[in-house]
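All chains should be built: construct the whole structure from the sequences, respecting the hints.
So the protein sequences, as listed, match chains G and F.
240 is the number that the working numbering gives the last residue of the first sequence; the numbers go up by one with no jumps.
316 is the number that the working numbering gives the last residue of the second sequence; the numbers go up by one with no jumps.
Worth flagging that the hints you see were computed from the coordinates, not collected in a lab.
Hints may contain errors.
Unchecked claim - Here are some of the chain F residues that sit facing chain G, going by a computed Cβ distance under 7 Å:
#1 T75
#2 L176
#3 V181
#4 R183
#5 A184
Glycine included, C-beta positions come from ideal geometry on N, C-alpha and C.
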Amino acid sequence: MAIVDLSFEVEPGRIKSIIGPNGAGKTTLFNLITGVHPVSGGQIVFQGKDITHQKPHYGAGIGISRTFQTIELFGNMNVLENIMVGCHSRFKSGLLASGLRLPRMKKEEAEIYENSMKLLGRVGLSSKAQLPASSLPLGEQKTLEILRALATEPQLLLLDEPAAGLNESETDGMSELIYSIRDQGITILLVEHDMRLIMKVSDEIVVVNYGQKIAEGPPDVVQSDSLVIEAYLGGEIDYA
Amino acid sequence: MGRKNYFKLLSLSIAVAVLPFFIRGDYYLSVLVFMGLNGLIVMGLSLLMGYAGQISLGHAAFYGIGAYCTGVLTTHFGFSIYLSFLAGIILSVLVAIIVGIPALRLKGHYLAVATLGIGEIVFIIFNEWMKYTGGPSGLSNIPGVHLGNFQFNSSFRFYYLVWGINLLALFFSLNLIHSRVGRALRSMHGSETAASAMGVNLSFLKIQVFVLSAVYASVAGSLYAHFVSFISPNNFGLMVSVMFLMMGVIGGIHNIWGALLGASLLTFLPEYLRVFNQYDILVYGAILLAILLFMPEGILEGTPVLIRKLFRQRKT
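Right under this line is the structure:
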C-alpha cells in the first residue's frame, strides 16, 4: 500500500490517469494528496503551494475535490442534500447565523439550493432530488459522488474508479461526464481499471506498481512500454 | 427550515399557550414545567447524538453545573439571577470545551467515556464541596426568577417562562438542522471521510455541537434550580444522564421532534403508572423495553412503521 518512489506533475486543464495492478498504491496516492493519510516523506504541491501536511478538510477550500472507490455518499440524506454538503466549503454561515436564521444565511441557503439543483439538472437527476441517496442505482450513485465533488467548485478533481461496476453504456455516459468536466477547465486525476475508458479519455498516463512509477506518457506510448506489459500479468493488455 | 416545520412549530406554540387553561392544580403544571426542561436537554442531545452521531453519557453534569452555578452564586454571593444564569452557561461552555477538545479530535466514541468521567467528577464536587454546595444534603433557599418587577412565582408563570425558552431553543435547533451547519452535522454521521473531503472540519463541528448541547442542559439546570429552590447532587447523577439518553432514544433521537416527544412522554409516564403502586418501576421498565424492541427507531418514526406492519399482517 505504501508509495515508495513516485513523482509526477499534472498540467492544468488536462486529464491524467494513474493505472497499475491492484495494491499498486493508487488509492493511497489519493489519500496522501487529500491529507487522509499522513505523508512521511516527499512533497505535494498544488498551484505552487506546499500542501503536504494539510488536514483532510483543507483541500476542498483551495480547489481540490475527490470521489471514492467504494461509494461514500451520505446515506442518511437525500440526493439534493448530498450535493448541498458539497457546497459547504464555499459558504460561511456558522452555527449562530444558521440557528438565528440571519438574512445572510438565508441568502446563502438560496444560493446553495440553486447551485445544487443546477448540478442535478446537468445530468438529468433533478426529478430524483428528494430521494434518499442510497436508493439510487449504482451508476447514478457514482454520478452523484462526482456532482457532490463538483459542488465544491474544484480546480483539481480526483476520480477514484468512477467506472467500477458500471455497464458499457453507463461507462460511455461516464466518459461524456468526464469530458464535460475537463471542458469546464477542471484538471482531472483519474484512477481506473477500465482500460477502454482510460485509453479514451486520458491525455497522459502514469503507470504505478508497488508504489513506484514504472512509466509515464501519452496513452499510445504507455501501451507499448514493456515494463507496463510486464506488470499486467506479464501478458498483453486487452484494450478492446 | 421548510414550511412544514414552521407549521409544526406554530401548532406546538399555540398548544403550549392554551394548555395551562385546561389543567387544574399546580401539581400537573409543575409536571409540564419538568417536561419543558427535559425537552430542552434532550433536544441538545438529539443534535449531538441523532444528528452528529456523538454519544454523551454525562449530560446531567451540565444540567448540574447550570443548577449549582446559579444556586451557589445567588444564595452565597448575592449575584443577580441574570449574572448567575450567564455564569452557569459560561462554565458549562468551558467544561464542554475542555472535555470535548481531546475527546472529539479522535475518531470513535471517546466522548462517551470522557462524559461519563466528567459526570462523575461533577457529582463528587457537588457532594464534597460542602462549604458552598451543602454536600449531600443539598442547597436550599434558591431565590425565584424575576424579570424586572415581574416575579415568576407560580407554576403557571414559570410554565410560560420554561416553555418560551424551550420553543426558542426548538426554533434555533430547527433552523440549524436545515442549514449548512446542520447538513454538515448529518453528513458527518453519514460518512466522516466524505464529509471532510467536502471541507467539513469534523473536530471543530463536533466541539461546536457538543458545546451547544451543554448550553441547553445548563440553561435547563439553572431554570430547574430557581423553580424548585432546592437542589441536591442526586438530581444530577449518572442515572439522570441515562434518563435523558433514554428519553431521546424512546422518542426517536434522529429527529428533534422525536426527542421532544420522548422527553414529554417519559416525564409524564411515571405519573400515569402510579396506579400500579409498588410495581410501577417494573411496568416502567417493561414499557421501555417493549418500545426499544418493537420500535428501535423511536416512537415518532416507529409508530407509522409498526401500524403499517400490523395492517399488512391482517390483510394476508
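A quick look at each hint next to the structure:
1. T75: Nearest chain G Cβ about 32 Å off; hint violated.
2. L176: With a closest approach of 4 Å, the L176 of chain F hint holds.
3. V181: holds (5 Å)
4. R183: holds (5 Å)
5. A184: Where the cut-off is 7 Å and the nearest Cβ of chain G is about 6 Å from A184 of chain F, the hint holds.
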